[in-house]
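Here are the chains, one letter per residue:
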Amino acid sequence: MTQQSARRTEPRGQSVLPLTHPREPLLSLVDISLARNGHSVLDRVSFDLGRGETLGLVGESGAGKSTIALVAMGLLRSPAVTLEGRMQFAGHENLLAEPEAGWATLRGRRIAMIFQDPASALNPCFTIGRQLGDPLRRLLGFDRAATRRRSIELLESAGLNDAEARLAAFPHELSGGMQQRVMIAIALACNPELLLADEPTSALDVTIQAQIMQLILSQVRARNASCIFVLHDLALASQVCDRIVVLYAGQVVEAGPTESVLRRSLHPYTNALKSCVIEFDTETLTPPEGGLPAIGAMPAGCRFAPRCSRATALCTSQTPPLRSLEGRDIACWHPG
Amino acid sequence: MSEAAPIFRLLDVEKVYQIDRGGWSRLGRNPPRRLAALDGIRLTVQAGDSVALVGESGSGKSTLLRVLLGLTESSDGRALYRGDDIETLTDEKRRSFQRDVAMIYQDARASLNPRLKTLDLIGEPIRQHALCPESELRDRVAALLARVGMPADTADRYPGQLSGGQVRRVAIARALASEPKVIVADEAVSGLDVSTQAQLLNLLRGLQHEMGLTLMFITHDLAVASYLCRRIAVMYLGRIVETGPTKEVLRNPLHPYTRALLAASPRFFEPIAETLPGEIPSPIDLPPGCRFAGRCPRAAQDCRTHEPPLATTRANREVACLHPLID
Numbered sequence: 001m002t003q004q005s006a007r008r009t010e011p012r013g014q015s016v017l018p019l020t021h022p023r024e025p026l027l028s029l030v031d032i033s034l035a036r037n038g039h040s041v042l043d044r045v046s047f048d049l050g051r052g053e054t055l056g057l058v059g060e061s062g063a064g065k066s067t068i069a070l071v072a073m074g075l076l077r078s079p080a081v082t083l084e085g086r087m088q089f090a091g092h093e094n095l096l097a098e099p100e101a102g103w104a105t106l107r108g109r110r111i112a113m114i115f116q117d118p119a120s121a122l123n124p125c126f127t128i129g130r131q132l133g134d135p136l137r138r139l140l141g142f143d144r145a146a147t148r149r150r151s152i153e154l155l156e157s158a159g160l161n162d163a164e165a166r167l168a169a170f171p172h173e174l175s176g177g178m179q180q181r182v183m184i185a186i187a188l189a190c191n192p193e194l195l196l197a198d199e200p201t202s203a204l205d206v207t208i209q210a211q212i213m214q215l216i217l218s219q220v221r222a223r224n225a226s227c228i229f230v231l232h233d234l235a236l237a238s239q240v241c242d243r244i245v246v247l248y249a250g251q252v253v254e255a256g257p258t259e260s261v262l263r264r265s266l267h268p269y270t271n272a273l274k275s276c277v278i279e280f281d282t283e284t285l286t287p288p289e290g291g292l293p294a295i296g297a298m299p300a301g302c303r304f305a306p307r308c309s310r311a312t313a314l315c316t317s318q319t320p321p322l323r324s325l326e327g328r329d330i331a332c333w334h335p336g
Numbered sequence: 001m002s003e004a005a006p007i008f009r010l011l012d013v014e015k016v017y018q019i020d021r022g023g024w025s026r027l028g029r030n031p032p033r034r035l036a037a038l039d040g041i042r043l044t045v046q047a048g049d050s051v052a053l054v055g056e057s058g059s060g061k062s063t064l065l066r067v068l069l070g071l072t073e074s075s076d077g078r079a080l081y082r083g084d085d086i087e088t089l090t091d092e093k094r095r096s097f098q099r100d101v102a103m104i105y106q107d108a109r110a111s112l113n114p115r116l117k118t119l120d121l122i123g124e125p126i127r128q129h130a131l132c133p134e135s136e137l138r139d140r141v142a143a144l145l146a147r148v149g150m151p152a153d154t155a156d157r158y159p160g161q162l163s164g165g166q167v168r169r170v171a172i173a174r175a176l177a178s179e180p181k182v183i184v185a186d187e188a189v190s191g192l193d194v195s196t197q198a199q200l201l202n203l204l205r206g207l208q209h210e211m212g213l214t215l216m217f218i219t220h221d222l223a224v225a226s227y228l229c230r231r232i233a234v235m236y237l238g239r240i241v242e243t244g245p246t247k248e249v250l251r252n253p254l255h256p257y258t259r260a261l262l263a264a265s266p267r268f269f270e271p272i273a274e275t276l277p278g279e280i281p282s283p284i285d286l287p288p289g290c291r292f293a294g295r296c297p298r299a300a301q302d303c304r305t306h307e308p309p310l311a312t313t314r315a316n317r318e319v320a321c322l323h324p325l326i327d
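Protein chains in written order, with the numbering used here: chain A, 1 to 336; chain B, 1 to 327.
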C-alpha cells in the first residue's frame with residue numbers, strides 16, 4: 001500500500017489535453033482516480049469526448065471499463081468509494097462534486113445508459129409501457145396521453161413493430177433482441193446528450209448484434225449525441241467507434257482515433273489484444289500469458305510489464321507517463 | 001458393432017415438444033400445438049473429428065447435444081454411439097459411454113457445486129469410475145490441473161475463489177478426469193475476454209491433438225468454429241442447413257443463412273453489414289416450405305411451398321436450399 005500511495009503523487013505526464021483530443025469536448029474526464037476500500041481501481045484516467053462522437057472503452061474484464069461508465073453516470077457515489085479528479089460535462093466544471101440533487105436533473109435526462117443484459121436491467125414486474133413511460137412522466141412532466149404517444153414513437157423508432165400492443169407486454173414476453181430495443185428506447189426517451197452503452201450486444205446473437213449496433217448508431221447520430229461504448233470485441237469497436245481508449249488495470253495505456261490506435265497500434269498491450277482476435281484465416285493465436293494483476297497487488301512500474309515481452313528494468317521500476325505520440329496518447333516506455 | 005463404427009451417428013433425429021393438447025373452437029377441435037426443436041437431423045461424427053455446431057439461439061444446438069448425451073429422448077429417428085442406440089444402452093455399455101463422453105457445460109460456474117473444493121470436483125469422476133486408489137487422488141488431480149495450466153494448490157480452493165477463466169479451466173479438467181475419448185462442449189469459451197478465450201482455445205486445441213479427442217463444439221461464433229473445428233454444421237430452426245469442412249464453408253458458403261451469419265460477424269474496419277431482417281421465428285407450428293424463406297433475400301415462390309432436403313452438392317458438402325449460392 002505504501003508503494004501505491006507513493007506512486008500516486010508521481011505526475012502521469014504533463015499532457016492533460018494532448019493533440020489527439022476533439023476540439024469541442026462534451027465530456028472531459030481529468031485524472032479520475034477511484035479507490036474502493038483503499039485499493040486503487042482507476043488510476044488517473046483522462047480522456048475527452050467530442051459532441052457527436054462515439055468512443056470505445058476496450059480492455060480485459062477488470063480493466064475498469066464499466067467502472068468508468070458508472071462514474072460518468074454518477075452511480076458510484078458511495079462512502080466506500082473515494083473518487084478524485086474532475087468530470088467536466090457540457091459547461092459543468094466538475095460533476096463529481098455535484099450534490100445528488102444536481103445529478104437527479106442529469107441522470108436519465110442528459111446522460112443515459114444502456115445496460116449489458118436487458119433481461120436483468122428491465123424490471124420483470126412492470127409492463128414495457130410503464131418502464132418506458134417513467135422517464136417521460138418524471139423527468140419531462142408528460143401527461144398520460146402525451147406519454148403514450150411518445151412511447152409508441154420511441155418503440156417504433158427502436159424498430160419494434162406493433163408498438164402499441166407492446167406497451168402492455170412484460171419483459172419476459174419479448175426476445176433478448178426486442179428487450180434490448182426497449183432498453184434503447186428507454187435510454188433515448190429524454191434525448192440525452194451522452195449515451196453510455198455497456199456491452200449492449202454481448203448477450204445477443206451476431207445477426208441481432210449487427211441490427212442493434214446499427215440502431216444505436218443511427219439514433220445517436222440523429223440526435224447529434226455522443227456515445228461511449230464499453231466493448232470487448234476489438235473488431236466491433238473498429239466498426240462503430242470514432243475513437244478508442246485502451247485500458248489496462250485501471251489506467252489508460254493507449255487512446256486516440258480508431259485508425260491510429262487499432263491499425264497502427266504502438267502499445268504492446270493493444271497489440272496483444274489484437275493478437276487474440278480470431279479471423280477466419282487465423283492459424284495460430286498467441287495470447288498474452290496470465291491475466292490482470294489483482295486489485296491491491298499492482299506491480300511497481302508499468303502494470304503490464306509482467307506480461308509484456310518487451311519489458312525492461314525501466315518498465316518494472318517506473319510508471320510510464322501518458323504522452324502524445326504519432327497522433328495518439330500512449331503510456332509505454334518502449335512503444336512501436 | 002465393428003471398431004469402424006462412427007462415434008456418433010444421427011439418423012433423422014426429431015425432437016418435438018407438445019405445447020398443448022389443442023382446444024375446442026366453434027369450428028371443432030384444434031390440433032395440438034407442436035414445437036419442433038429438432039427436425040430430421042442427420043449427422044455423422046467420426047473418431048478424431050472435430051465438429052462445430054453453429055446457429056442463432058433457438059436453432060436447436062443445445063437440444064441436439066442433449067440428445068447426443070442421452071439426456072433428452074428423441075421423439076423419432078435414432079441416435080447411435082459407436083453403432084448402439086444411445087437411449088437403450090445396456091448398463092455396462094452405458095457406464096463406458098458415461099466415461100468416454102464428457103461434457104463441458106455452457107455456464108461453468110453453475111455446473112460446479114460451490115460447496116465442493118476443486119479437489120473433489122475434479123476427483124468426482126475419478127472416484128465414480130474408480131480410476132485410482134484414494135491415496136493417489138491428489139496427485140492425479142494435480143496432474144489434471146497442470147494439464148489445463150493451473151497450479152496444484154487450486155485443489156484446495158472453492159469455485160467462488162476462482163476467476164471466470166479459471167472456473168472454465170477447472171470445468172475442462174473435470175471433463176478430462178474420466179479419460180474421455182469424446183468431449184462435448186456447449187459454448188465453452190463464450191462470455192470471456194478475448195485473451196482468456198484465446199488461451200482456452202489453444203488449450204482445447206492442444207488437448208485434442210495430444211489425446212486424440214473427438215470434439216463436438218457448440219458455438220455461436222464462426223471465428224471460434226474456424227479456429228477449433230475441422231467440420232461445421234450450421235443449424236437453423238431445428239434443421240441442419242449446411243455442413244462441410246469449416247474452412248471451405250466459411251470461404252464459400254452455399255446457404256444464404258450461412259452467408260448472412262458470416263456477414264454479421266464483426267470484421268476490422270469494415271462498415272457494419274447490411275443485416276439479416278427480423279429474428280429467428282417461433283418454432284411452434286411452422287409454415288410449410290423452407291424455414292429460412294421469411295428472412296431470406298433470395299427466397300422465391302417455390303421456397304414457400306417446398307421444404308429443401310439436406311443434399312450433397314459437391315464433395316464433402318451438403319446444403320439444404322433450393323437456390324444455393326453457386327459461385
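Calculated from the structure, these hints are not laboratory results. Each hint should be verified, as a subset may be incorrect.
Below are the EDC-like pairs computed for lysine to aspartate or glutamate, each with C-alpha atoms no more than 16 Å apart in a straight line [what the hints assert, rightly or not]:
#1 LYS181/B / ASP100/B
#2 LYS247/B / GLU100/A
#3 LYS274/A / GLU289/A
#4 LYS274/A / GLU259/A
#5 LYS181/B / GLU210/B
#6 LYS247/B / GLU279/A
#7 LYS247/B / GLU283/A
#8 LYS117/B / GLU73/B
#9 LYS181/B / GLU318/B
Here is how each hint holds up against the structure:
no.	hint	verdict
1	LYS181/B / ASP100/B	5 Å, holds
2	LYS247/B / GLU100/A	56 Å, violated
3	LYS274/A / GLU289/A	14 Å, holds
4	LYS274/A / GLU259/A	13 Å, holds
5	LYS181/B / GLU210/B	12 Å, holds
6	LYS247/B / GLU279/A	11 Å, holds
7	LYS247/B / GLU283/A	11 Å, holds
8	LYS117/B / GLU73/B	33 Å, violated
9	LYS181/B / GLU318/B	27 Å, violated
In terms of the numbered hints stated before, the structure departs from hints 2, 8, 9, listed from lowest to highest.
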